[in-house]
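Participant: Hints given; two lone chains; assemble the complex.
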Amino acid sequence: MAGIGGAETTGKKVGWGVLNAVVVIYALFPVLWIVSLSFKSSATLADGNFIPREWSLENYQNIFSTSEFTRALINSIGIALIATAIAVVFGTMAAYAIARLDFPGKSLLVGVSLLIAMFPQVSLVSPLFEIERSLGLFDTWPGLILPYITFALPLAIYTLSAFFREIPWELEKAAKMDGATPGQAFRRVIAPLAAPGVFTTAILVFIFCWNDFLFAISLTSTEQSRTVPVALSFFTGSSQFEDPAGSIAAAAVVITIPIILFVLFFQRRIVAGLTSGAVKG
Amino acid sequence: MSQTTTEDTATGTGASPAPVAARKKVALSEGKKAERRLGWLLCAPAALTMIAVTGWPILYSLLLSMQRFDLKFPDRTEWIWFDNYVTVLSSPYWWNAVWVTVVLTVVTVAIELVLGMSLALIMHRALVGRGIVRTTTLIPYGIVTVVAAFSWRFAWTPGTGYLAEALGGDPVLTEKVPALIVVSIAEIWKTTPFMALLLMAGLALVPDDLLKAAAMDGASGWQRFIKITVPIMKPAILVALLFRTLDAFRIFDNLFVLTAGSQGTSSVSMLTYNNLIKGLNLGIGSTMSVLIFIMVAIIAFVFIKLFGTAAPGSDDGGKR
Numbered sequence: 001m002a003g004i005g006g007a008e009t010t011g012k013k014v015g016w017g018v019l020n021a022v023v024v025i026y027a028l029f030p031v032l033w034i035v036s037l038s039f040k041s042s043a044t045l046a047d048g049n050f051i052p053r054e055w056s057l058e059n060y061q062n063i064f065s066t067s068e069f070t071r072a073l074i075n076s077i078g079i080a081l082i083a084t085a086i087a088v089v090f091g092t093m094a095a096y097a098i099a100r101l102d103f104p105g106k107s108l109l110v111g112v113s114l115l116i117a118m119f120p121q122v123s124l125v126s127p128l129f130e131i132e133r134s135l136g137l138f139d140t141w142p143g144l145i146l147p148y149i150t151f152a153l154p155l156a157i158y159t160l161s162a163f164f165r166e167i168p169w170e171l172e173k174a175a176k177m178d179g180a181t182p183g184q185a186f187r188r189v190i191a192p193l194a195a196p197g198v199f200t201t202a203i204l205v206f207i208f209c210w211n212d213f214l215f216a217i218s219l220t221s222t223e224q225s226r227t228v229p230v231a232l233s234f235f236t237g238s239s240q241f242e243d244p245a246g247s248i249a250a251a252a253v254v255i256t257i258p259i260i261l262f263v264l265f266f267q268r269r270i271v272a273g274l275t276s277g278a279v280k281g
Numbered sequence: 001m002s003q004t005t006t007e008d009t010a011t012g013t014g015a016s017p018a019p020v021a022a023r024k025k026v027a028l029s030e031g032k033k034a035e036r037r038l039g040w041l042l043c044a045p046a047a048l049t050m051i052a053v054t055g056w057p058i059l060y061s062l063l064l065s066m067q068r069f070d071l072k073f074p075d076r077t078e079w080i081w082f083d084n085y086v087t088v089l090s091s092p093y094w095w096n097a098v099w100v101t102v103v104l105t106v107v108t109v110a111i112e113l114v115l116g117m118s119l120a121l122i123m124h125r126a127l128v129g130r131g132i133v134r135t136t137t138l139i140p141y142g143i144v145t146v147v148a149a150f151s152w153r154f155a156w157t158p159g160t161g162y163l164a165e166a167l168g169g170d171p172v173l174t175e176k177v178p179a180l181i182v183v184s185i186a187e188i189w190k191t192t193p194f195m196a197l198l199l200m201a202g203l204a205l206v207p208d209d210l211l212k213a214a215a216m217d218g219a220s221g222w223q224r225f226i227k228i229t230v231p232i233m234k235p236a237i238l239v240a241l242l243f244r245t246l247d248a249f250r251i252f253d254n255l256f257v258l259t260a261g262s263q264g265t266s267s268v269s270m271l272t273y274n275n276l277i278k279g280l281n282l283g284i285g286s287t288m289s290v291l292i293f294i295m296v297a298i299i300a301f302v303f304i305k306l307f308g309t310a311a312p313g314s315d316d317g318g319k320r
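Protein chains in written order, with UniProt numbering: chain A, 1 to 281; chain B, 1 to 320.
Bound-form chain B, shown alone (with noise of 0.2 Å):
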């Protein structure tokens, strides 16, 4: 939605300066008018995709979610105005994946974070083998994740799996705890070297000089970690944190391979998927999708704005 209406007022307020600055400059006119025509056409396909792929489908959700609309009883459909959110809001289901997402969230982001900053080091750092850590370190980001998923749960299923069977063969994933410990491994395992990777461009910005000044005159390797280290790779991290926490809010092949959202373990995402694909209520799938955009928008708002987390490519926009 949102997307739209800024387009049209952004190119709205951005047509009518210019044909005073093609005045002013009359001799330059010309040139920068194709240059112009060139910039518009060049980005018009990829723009256009994204708006319509994205833009009507969203306001097309939040019509629908003002709706009574389930496909098992197509004539029963109404307009319903917020009815929907009234129920979804005060379903202790919508409430328990809320609640299961932002742990989760939280948890696998702080975990990664840690475990990320290490290889990071590693990787920067390595005195011998630094290529083999690296490219073996990419192979968790590239696998499929649904693969990867089946992996951990077959490891986890007892009488088939290794870490069942050196843990005594309990059934973990059929407990709620166990199997959100379980989903939470498969997530760190699966996404810690995006972070190591975001995280050790950034610290490939500090300056050597200053980490062996520091050496010099004293400071211990923790001391010169946080004092130095940390300040200076503050943006990175704080990019790196924002994408992988909105990445994780969106959990959602994990779980379904690992507990399809059985015992209270499904995520908003799983959630939304259960009502809309298994429940096939549009109505009801459409309104948690909003709450979910909602809460997203919130997440990065807060990232964006009390952060003061740069989002990438804000700064300069290629101005060179």
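Isolated chain A, as found in the complex (with noise of 0.2 Å):
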């Protein structure tokens, strides 16, 4: 950690190289553990190795055979991508108005959302508990869409206002001065600008309505809306006597796997995202 501007020799680089290896095993210790489990069959499921003695693919087969994961998997997906389109379009919108236009209430909004982004999620369980039983909406894909929604805003109206900042004022001066309406302006200068920061705001919501487990457990009881997290707790063995662990590995690492593969992919923009949204404001 010191070493301030020395110059690279062979003993820091080594340096570095075992304080990366530490950090690196840090970070996947966890992940490969489950990875291992999710491969051992049934009957080296409670060896306690890290590593698998006998490699099988049967809890994948066991998980896909059955409707409890398969369903709770297309409504991850579909509750997920459709709370993010929602989401990051509602954002996008309120982002570019306080990012580049002067009218009151914009500090207002800012605050709130803010107060949101802090808010005890679990303060909203019980009344949108009995909210949602009356309007019908309990244990459906809209009753768990508004309230991701809703607490993805803050997080998108952040960071996408932080990259609308950057973007070049003039440019949008310029589609005026030719004559574009500030309506104009958005759609045809500002928005393929913005792409960028808008596709990572759009990761970063969808990490977040993938993972949530409150809301899910609490305002959906069947597999009609369960979400694989909250499916993954309720996971039992196809017997009484079977331990669902393998199950429950195998269904872990499926919902992990596009995490995994998002963050492999848009490391930087994820990193610059996550940043700006928090300290730049």
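To be clear, the hints were calculated from the coordinates, so they are not data collected in a lab. There may be inaccurate statements among the hints.
[Said to hold, decoys possible] Listed below are the simulated DSSO-like cross-link pairs for lysine-lysine, each with C-alpha atoms no more than 30 Å apart in a straight line: (1) A/13 x B/212; (2) A/176 x B/32; (3) B/227 x B/305; (4) A/12 x B/72; (5) B/33 x A/176; (6) B/227 x A/13; (7) B/234 x B/278; (8) B/212 x B/176; (9) B/227 x A/12; (10) B/212 x B/227; (11) B/72 x B/227; (12) B/176 x B/278; (13) A/173 x B/33; (14) A/12 x B/212; (15) B/32 x A/173.
What you are looking at is a predicted structure, and each value in this text was computed from that prediction instead of being measured.
Facilitator: Right, here's the structure in full:
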């Protein structure tokens, strides 16, 4: 950690190599363990070995043979995609207004979204449970999509307005000089420039929706709208005597793959998005 | 609650000076008006959704918290004012949950700050393999919390898990203190990368020249860190702490999977969930919701007013 501006000696490189290795092991250990567990056969599942003694795909075949998991996967993907799409559209509109336009009530909107970002979500669970029951939204897709949009919006607004401030102002002015209305300037000039920021925001919002457990377990009760994290916690073995650990591990790996792919491909953007939204504001 | 009321008053006060301003700048008024209208129009969907999904439910939970409202006995619903608050605040389970939550929050956030800072320094200064480190540290951030929690649970399950085997096969998750330690480890593992990323953004603000000059003057690495780096990144540190503290205070997923709140390991969120969904007691559940909301508000207030944490976005509001 020390060594500011020193020469890049071999000793230092080795030191960094060791530090890097520690970090990588730290980050990957629990992930590798659940992957290993998912490939163990039922006979060797409980042997406590870090690396499977017998590799098998049995657990994956099990989870895809029941509707319990496949249905939850469809719910998770559908709910997260719809919530992400709506939150990003609303967030883009609001962030554009915040970054570019002058209107009364702007700082209030920023304040409200900050409040919601800090909000204890469990405080909403009790009233939403009752409200959604009386509106017939309980245990439906919209019943989950609504709170997801709400809690994703502050994230989307902060990240996007930070991105939007980086966009060159002059281009919009030039468009207006050429006779474009503010609306046209938004659609034709700024939107294409903002696309990378919007995309980054979409990834962050998707990860948030994909991750949620509290709303999903409180506002659903059947397979109809249960998402994967919740379905996981309800997994039982195919018989009372079978350990569901193998199925849980396999399902866990399946829902982790998309996230790891996102992270690997869009590492730079995710880092930029997370830090711009929270620090520069 | 506070959102809706402040919204009303603010638009009320915001509307009155508007015509005055418009009259002053007659030439600009058309464009200004259009800009203002567009601003409101663009913000409306986001603002309305956020207020509809949080404003009314918060008011409603205040109403529910003053009623005896048990879905198992719907006939006995009645208005009982603050009796639920008396019940909750005199319950040892509630205070135990508050303690568990506070201890978990303080311990995990403190360790995360130290680990996160080290990680941030590694990511910021690494001579080799910076990309690999940055990418892999994002994996704990991205992974579904429930998945990570299951990984830890199986690791500590006697028979199945490598960690349990390594430590002699004791069922650690069935005792209060060891279980809470495991929960803390799971929580720290998952959230340190986020902390590190926020801190890394702060590190980028520290000018290299200043550090080099201090090094020339003979300041040791530790002195440079304490006297230069930390003061400059103080705002970033405070924001990271605020975010993580509020987030840690609502701990739920890890606890649900690892202990389900047994052996007195419930956090306040866990206890609320159990009263509401398992116990179907809307009155008590809502009372706890309101109390948690108040506690979180106090934490945020302390950070922002006492420590002077700059709330993100509050400083400029996008003016350029």
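Participant: Would you list, in rising numerical order, the hints stated earlier that this structure does not obey?
Facilitator: Hint check: 4, 7, 8, 11 fail, others pass.
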